[in-house]
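Peer 1: Listed below, chain by chain, are the residues.
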Amino acid sequence: MQNKGIRIEGLTKRYGKGDTAVDALKGVDMQVAPGEVVGLIGPSGSGKSTLLKCLGAVIEPTAGRMILGDEVIYDNGWKVRDLRALRRDKIGFVFQAPYLIPFLDVTDNVALLPMLAGKPNTEARKQALDLLQALDVLHRARAMPSQLSGGEQQRVAIARGLVNHPPVILADEPTAPLDSERALAVIKILNDMARKFETAIIVVTHDEKIIPTFKRIYHIRDGITYEEAGDGVDLR
Amino acid sequence: MISLAGRDIQHALGKFVFTGFGLGLLIGVTLTMAGVYRGMVDDAKVLLDNSSADIWVVQKDTLGPYAESSSIYDDVWRSIRSIPGVARVANVTYLTMQVRQGERDVRAMVTGITAGEFGLPGWPPQLIAGRQITRGHYEAVADNASGFKIGDDIQIRRNSYKVVGITRRMVSSSGDPMVFIPLRDAQEAQFLKDNDAIWQQRRRTGENPNFNRPGVPGLLDAVIDSQSTNAYVNAVLVQVKPEHNVQTIAETIQRWKRLTVYTRSQMEEILVGKLIATSAKQIGMFLAILAIVSAAIVAFIIYTLTLGKIREIAVLKLIGTRNRTIAGLIMQQAIALGVIGFVVGKITATLWAPVFPKYVLLQPLDSIIGFIAVVVICVLASIIAIRAALKVDPAEAIGG
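Which chain is which? The protein sequence lines are U and W, in order.
Note that my numbering has the first sequence beginning at 1, numbered continuously upward.
Note that my numbering has the second sequence beginning at 237, numbered continuously upward.
Possibly wrong hints are sitting among the right ones.
[Unchecked claim] Quick list of the computed label-pair ranges, beta carbon to beta carbon:
(1) P593(W) - P102(U): 47 to 57 Å
(2) I620(W) - A85(U): 22 to 32 Å
(3) P102(U) - F536(W): 13 to 23 Å
Hints in this document: simulated from the structure, not taken from any laboratory.
For every residue, glycine included, the Cβ atom is placed at its ideal position computed from N, Cα and C.
Chain U extracted, bound-state conformation (with noise of 0.2 Å):
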C-alpha cells in the first residue's frame, strides 16, 4: 500500500436520533501527509474526542469519507470488515496518559503489537527494541513501568504506537502530564519519527507550550474544523 497519508472528507457524526439528535461533527475536512504532524485543537465539547474517536475506527461515523494510505475505510459505511485489524496494523494510538500494560516490561509492551498481528516473539522483540534504541529508551527495555518516569513512559507510548509502522498515529493529548522541557521533547519525538516512519500524525491537545511547534493546526469548534498555518518553531 502506498503511504497517503490520512484524508476525511465531510465526516459527520450524529449521536441520538430526532429531536434530541445532536451532531458533533458537521462535515470534516482533513487531510495530514505522511511525515507530517498537525495540531487538532479545540475546546471541550467542540468535537476532538468523537473525530478522534472516528479517524481510531473505535466509533462508527453517520457520512463522510476517510481514506487511510489509498485505501477507503469509510465511505458511508465501513469498508473494512475487521476494525480490530485495522487499528491494530494501520493506525497508531498515543494516549494522554501512557497507559502501558503495567504487568510487561517495556520491550514487551512495545512488541505486544506485533506479536498480536501474528509475529514470532523474537522478531517482534528485535523490532521493539529498535524503536526503543530509536527513541533512546533502549537502556530501560527490562523495567516494568512502574519503574519509568513520565517521559520514559510516554517515549515508550509512542514506540508502541509506532511499531507496526502505522501510516497514521493519533496522539491524544500526549504532553498533558508533562511539564515544558519534556512536552517539547516528546513533541521532537513526534515529529522526528514521522519524519523516519512516514506516518501522519495528528496531535490533539490544550497545552499551548506546543501549539507553536506545528506546522499546520486544524481548530475544531462545534463540529466544524477550520484550518490555519502554524508557527513551526523548529525544534533542534
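Dock chain W against chain U, hints included.
Peer 2: Showing chain W alone in chain U's frame:
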C-alpha cells in the same frame, strides 16, 4: 505470543498466592468434607471386614445389630453350626456406651466375643500389641483410637477389665473405637439392671402368689435365677466353608430358623445405604454449598481483578487485541487461581485430616474429581468477568 495471564500473575504473584491460599482453605474444607463421608463408608466396611463373617443372623424382621435392636437366643448358634457348609459360628453382642478409665471416659462400641477361641467370627483379626482375650472374664482388647494402653484398667458397668491387647482400625460404623470383652461379661453388661431395680423385681416376684405356692418348693428361686441371667445375644456371625455358596446357606438359615439373615453385601447396603445415608446427604448438601461459595468467591475475585484492569483492557482492545485473547487472559487467571487454591487445599486437607477425631479418608479419585470441579467452577466463575471485559468500550482509552 506471550502469555498475558502468566505475566499478570507473575507481576502480582503475592496477591495471587495470598488469594489462592484463602480459596485453598475453602477447597481444603470441601475435600475434608468428602473425606469425612469416605471415612464413614470406610468405617462401615471395616466393621464388616473385621467381623470376618459371611452371614449375619439376627432377630426376625430387624436390620441387625448395627442398625437397630436385635435379640436372639444364645443357643441358636448350635443349630446353625449343624447346617452343611457352615465353617464357624459365633455369638456376638454390641453395645455402644461410655467406657471409663480413671477420670476419663471414652465412647466405644463394646463387643462381646466368645472367649478363648481365636479365629471365630467377631474376633479382632490382628493386634498391634499385647495378646487376645484368653480368660472367660474381665479381660479386654481395645482399639488404639480409644487411647487405652496395655495394662489399663477400664470400667464397663460395674466390672473392671484389664486391657491385654490393642487393635488398629477396629471401629464402629460411626467411628467409635471397639472394645472387645468376653461374651458372658458383655451379655451381663448389656442387660444389667441397677441394684434397686433387681431388688424391686425380686420383691414383686416373691409377692406373686403364682411363684410362691405352698407345695412347690424351689419355684421362686428358679424364677429369680432365670430373671438374673441373660440368654440373649445381638447376632450370630457365620463363616461359610470356601467351597459353599453363601447365598444358598443364608436362604437355608432364613427358611428353617425363623430368623432374618444378611449376607455381607446386604449388610453393607444397610450400613452405607441406610445407616449413613442421612449423614451422606448432609455432607452432600455441605459440599454443594461449599462449591457454590467457592464459585462465588472465585467469581468475585476474578471480577474484582478484571475491574482493576478496565483501562488496560480498553487499551488492549483499542490496539487490536482479539476478544478471545482478553477472555483467555481472564479465564487462565481464574484457572491459575483455582490450581493454586487446589494445591493449597489438598495440602491443608492432608495435614489436618489426621487431627480429626473421626477417620477422614482422602481418596485420590476424590482429589481428581475435586480438581476437575475446581477448574470447571473457575471457568464458569470467570464468565461474569469475561462478559464485563468484553463490554469494555475501547473508546474508554481515548479521553474526553
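Peer 1: All the hints need checking, so say for each whether the structure fits it.
Peer 2: Evaluation of the provided hints:
no.: 1; hint: P593(W) - P102(U): 47 to 57 Å; verdict: holds, 49 Å
no.: 2; hint: I620(W) - A85(U): 22 to 32 Å; verdict: holds, 28 Å
no.: 3; hint: P102(U) - F536(W): 13 to 23 Å; verdict: holds, 22 Å
Of the numbered hints listed earlier, not one is contradicted by the structure.
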